[in-house]
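Undergrad: Single-letter residue listing:
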Amino acid sequence: MNWRSIWIVYDKELRDSLRDRRTIVSMIVAPVLLVPLLIFGAGALMLKTVTKARQEIPRVMIVGGENSPKVLSALRAAKNLQVVPATEDFTNAMVEKRVRAVVKLPPDFDTVIARGDKCEVEIYEYRGEMKSGFAAENLNAFFRNLSDATVRERLAARGVPVEVLQPFTIQRQNVVPPSEVAGNLLGRVLPCLIIVLCLTGAMYPATDVTAGEKERGTLEAVLCCPIGRTELVFGKFLMVLTASIGTVVLSLLSMGATFQLAKRIVAGSAPREVLQSIATVDLGELAGVFLMLLPVAVMLSAALLMVGLFSKSFREAQSYCGPLMLVAMVPAFGAALPGVELNASLAMVPLLNVSLVCKEIMAGAWHWNYILLIFGSACLYATAALATTVWMFHREEVLFQS
Amino acid sequence: MIETNQLTKVFRDRKHRKEVRAVNGINLRCEPGRIYGLLGANGAGKTTTLRLLATLLKPSSGTVCVAGCDAIREPEKVRARIGFLSTGTALYGRLTARETVEYFGRLHEIHGDLLQGRIREVFSTLGMSEFQDRRCDKLSSGMKQKVSIARTLIHDPPVMIFDEPTVGLDVMTARTIVQFIRECRQKGKTVIVSTHVMSEAEKLCDQIGIIDRGRLLAEGTLAELRAQFAANDLEDIFVRVVEGQP
Numbered sequence: 001m002n003w004r005s006i007w008i009v010y011d012k013e014l015r016d017s018l019r020d021r022r023t024i025v026s027m028i029v030a031p032v033l034l035v036p037l038l039i040f041g042a043g044a045l046m047l048k049t050v051t052k053a054r055q056e057i058p059r060v061m062i063v064g065g066e067n068s069p070k071v072l073s074a075l076r077a078a079k080n081l082q083v084v085p086a087t088e089d090f091t092n093a094m095v096e097k098r099v100r101a102v103v104k105l106p107p108d109f110d111t112v113i114a115r116g117d118k119c120e121v122e123i124y125e126y127r128g129e130m131k132s133g134f135a136a137e138n139l140n141a142f143f144r145n146l147s148d149a150t151v152r153e154r155l156a157a158r159g160v161p162v163e164v165l166q167p168f169t170i171q172r173q174n175v176v177p178p179s180e181v182a183g184n185l186l187g188r189v190l191p192c193l194i195i196v197l198c199l200t201g202a203m204y205p206a207t208d209v210t211a212g213e214k215e216r217g218t219l220e221a222v223l224c225c226p227i228g229r230t231e232l233v234f235g236k237f238l239m240v241l242t243a244s245i246g247t248v249v250l251s252l253l254s255m256g257a258t259f260q261l262a263k264r265i266v267a268g269s270a271p272r273e274v275l276q277s278i279a280t281v282d283l284g285e286l287a288g289v290f291l292m293l294l295p296v297a298v299m300l301s302a303a304l305l306m307v308g309l310f311s312k313s314f315r316e317a318q319s320y321c322g323p324l325m326l327v328a329m330v331p332a333f334g335a336a337l338p339g340v341e342l343n344a345s346l347a348m349v350p351l352l353n354v355s356l357v358c359k360e361i362m363a364g365a366w367h368w369n370y371i372l373l374i375f376g377s378a379c380l381y382a383t384a385a386l387a388t389t390v391w392m393f394h395r396e397e398v399l400f401q402s
Numbered sequence: 403m404i405e406t407n408q409l410t411k412v413f414r415d416r417k418h419r420k421e422v423r424a425v426n427g428i429n430l431r432c433e434p435g436r437i438y439g440l441l442g443a444n445g446a447g448k449t450t451t452l453r454l455l456a457t458l459l460k461p462s463s464g465t466v467c468v469a470g471c472d473a474i475r476e477p478e479k480v481r482a483r484i485g486f487l488s489t490g491t492a493l494y495g496r497l498t499a500r501e502t503v504e505y506f507g508r509l510h511e512i513h514g515d516l517l518q519g520r521i522r523e524v525f526s527t528l529g530m531s532e533f534q535d536r537r538c539d540k541l542s543s544g545m546k547q548k549v550s551i552a553r554t555l556i557h558d559p560p561v562m563i564f565d566e567p568t569v570g571l572d573v574m575t576a577r578t579i580v581q582f583i584r585e586c587r588q589k590g591k592t593v594i595v596s597t598h599v600m601s602e603a604e605k606l607c608d609q610i611g612i613i614d615r616g617r618l619l620a621e622g623t624l625a626e627l628r629a630q631f632a633a634n635d636l637e638d639i640f641v642r643v644v645e646g647q648p
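Line by line, the protein sequences give chains W and A.
The working numbering applies: residue 1 is where the first sequence begins, and numbers increase by one.
The working numbering applies: residue 403 is where the second sequence begins, and numbers increase by one.
The set of hints was computed from the structure by calculation and includes no laboratory data.
As the structure is a computational prediction, the values presented were derived from the model and not from experiment.
We treat Cβ as the ideally placed atom computed from N, Cα and C, and that holds for glycine.
One should not assume that every hint holds.
To be verified - What follows is a list of derived Cβ distance ranges for each label pair:
(1) A:S462 with W:A384: 40 to 46 Å
(2) W:L283 with A:D472: 53 to 59 Å
(3) A:S462 with W:V249: 47 to 53 Å
(4) A:E478 with W:G41: 21 to 27 Å
(5) W:T388 with A:H513: 28 to 34 Å
(6) W:T388 with A:D472: 26 to 32 Å
(7) A:N407 with W:V249: 53 to 59 Å
(8) W:T388 with A:D535: 35 to 41 Å
(9) W:G376 with A:K589: 54 to 60 Å
(10) W:T383 with A:K479: 27 to 33 Å
(11) A:G570 with W:A384: 25 to 31 Å
Throw the hints in and build the complete structure from the sequences for me.
TA: Have a look at this one:
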């Protein structure tokens, strides 16, 4: 291996890429500006929408409830409900969002309750619609309180203490320190995010230095020079890897800075766990995650180079990159699903294994046997991908497809 | 000097499950200080032959010797001794003219003062000093062609291979290329040019080889071909050769 030749190719490819507007957008502008903007912009928008919906007093309709003045007046007096006159087509009224929820009371509700009998109250909601859900929650809370009060009255009338219905209380205790709770939350998201960033950062440069060069005819000119094809592919690969890791580092720095800024601006109003997670990120854990994800970046960079080499044109390569992204994202996001835990068989599944072990590391659990097994297998997959790329670069039918 | 002996290249056509003999037993000999023209229609095997000479492809059988080096056993030595100019300028648009030539110089293992000296020499010969620091994508087609020539000349190769070098060029740029090919001959380089433009071959080549379906069907100087096929016009000669007329 001639490292001087590799450096010559790497140096040229990096210079060439950094002058390309499309690489700058995919490597610097998008991750540094757009990703935080999207995450926090969308987060702030959602927070604002939810807060506004919560503050709004929902319009509800009462259907039935004849001869029940007590419950009707209590409902009308409730501060978190706005009762509107009932109409027959209450379902349509809900669909058209004129009312958010409807409660259907049986006739003589007050009498039935006073008699000590049982009856049924129906609450109608438009499932999936946030404001309707809040209105139904308010109605539900109202009737739960009424039910509790009725039970207490009935027990008191019979001289039975309330405790007879609650012989003991239950307290759930958390044994994990807050940092690990936060690590769990961040650990689910961070590895997937890094894998996606590895791909997005490497995608454009990888296709440009392979399919793009084929299309422009420059690859043929370079292949006529006395440089080994292995050196040539290594120079290109190292540049793609640089773009991949550079994108990850820039994105995380940008996100970290945005988090800190957001924490200062919206301290108190944003979810506590999210703010806490950044404040408690352990640098050792973060370094561990980076180390585990390094062979993944190598594998993905090599895979993208293979796609580029396989394609006849830049456009063809770009169209293959979309499905590759999906293929990589499914196992990467699999680790974020609740209930998916690290075990011996999942430890061999590429991408999913690294995502899972990173989740554990971020939660402060260093399972060294799994870490070594997964790091070893990830290195093996990365080596295989890189070896295949080098092999493809030696194939005439790959380089001169026509 | 370029010499081939029974040079053959077979491709596997996976779609139709058959073998395609793109180059079929070609024997040719190009001497220093002379221009050899490889004349053939599209798909005749010209580009494949030149790629075999440039070691971009490996022969299926036969031998190739370029500038005293065996192309199969010593491909890197062969590549160090050739300059390859193909259709299109094949430049990196985002690099400047100087950076492009520098890159190819470094790939040919020319470094430091030697490289800077060569760049000065080549740029001065081709009149490129004015636009040496402009990006290639901002250059006119004539300027691009000069950069392309400069990158093939930077290591001063004894053998020059041109694959349809004037295709798609305007008259003035094509003349620059033709002039450059003649200069290579004057400097004693071995030159091989593929073309399907008869007038170009007539004006430029000392030796002409007519290739069709991978086979070298006729070879000689223009005068020898005229005498052999009893025709004055190269186009008539070409048609007779390809159609198998005596």
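Undergrad: Next, verify each hint and record whether it holds.
TA: Tested hints:
no., hint, verdict
1, A:S462 with W:A384: 40 to 46 Å, "violated, 30 Å"
2, W:L283 with A:D472: 53 to 59 Å, "holds, 57 Å"
3, A:S462 with W:V249: 47 to 53 Å, "holds, 48 Å"
4, A:E478 with W:G41: 21 to 27 Å, "violated, 54 Å"
5, W:T388 with A:H513: 28 to 34 Å, "holds, 33 Å"
6, W:T388 with A:D472: 26 to 32 Å, "holds, 30 Å"
7, A:N407 with W:V249: 53 to 59 Å, "holds, 56 Å"
8, W:T388 with A:D535: 35 to 41 Å, "holds, 40 Å"
9, W:G376 with A:K589: 54 to 60 Å, "holds, 58 Å"
10, W:T383 with A:K479: 27 to 33 Å, "holds, 31 Å"
11, A:G570 with W:A384: 25 to 31 Å, "violated, 42 Å"
Hint compliance for this structure: hints 1, 4 and 11 are broken, all remaining hints hold.
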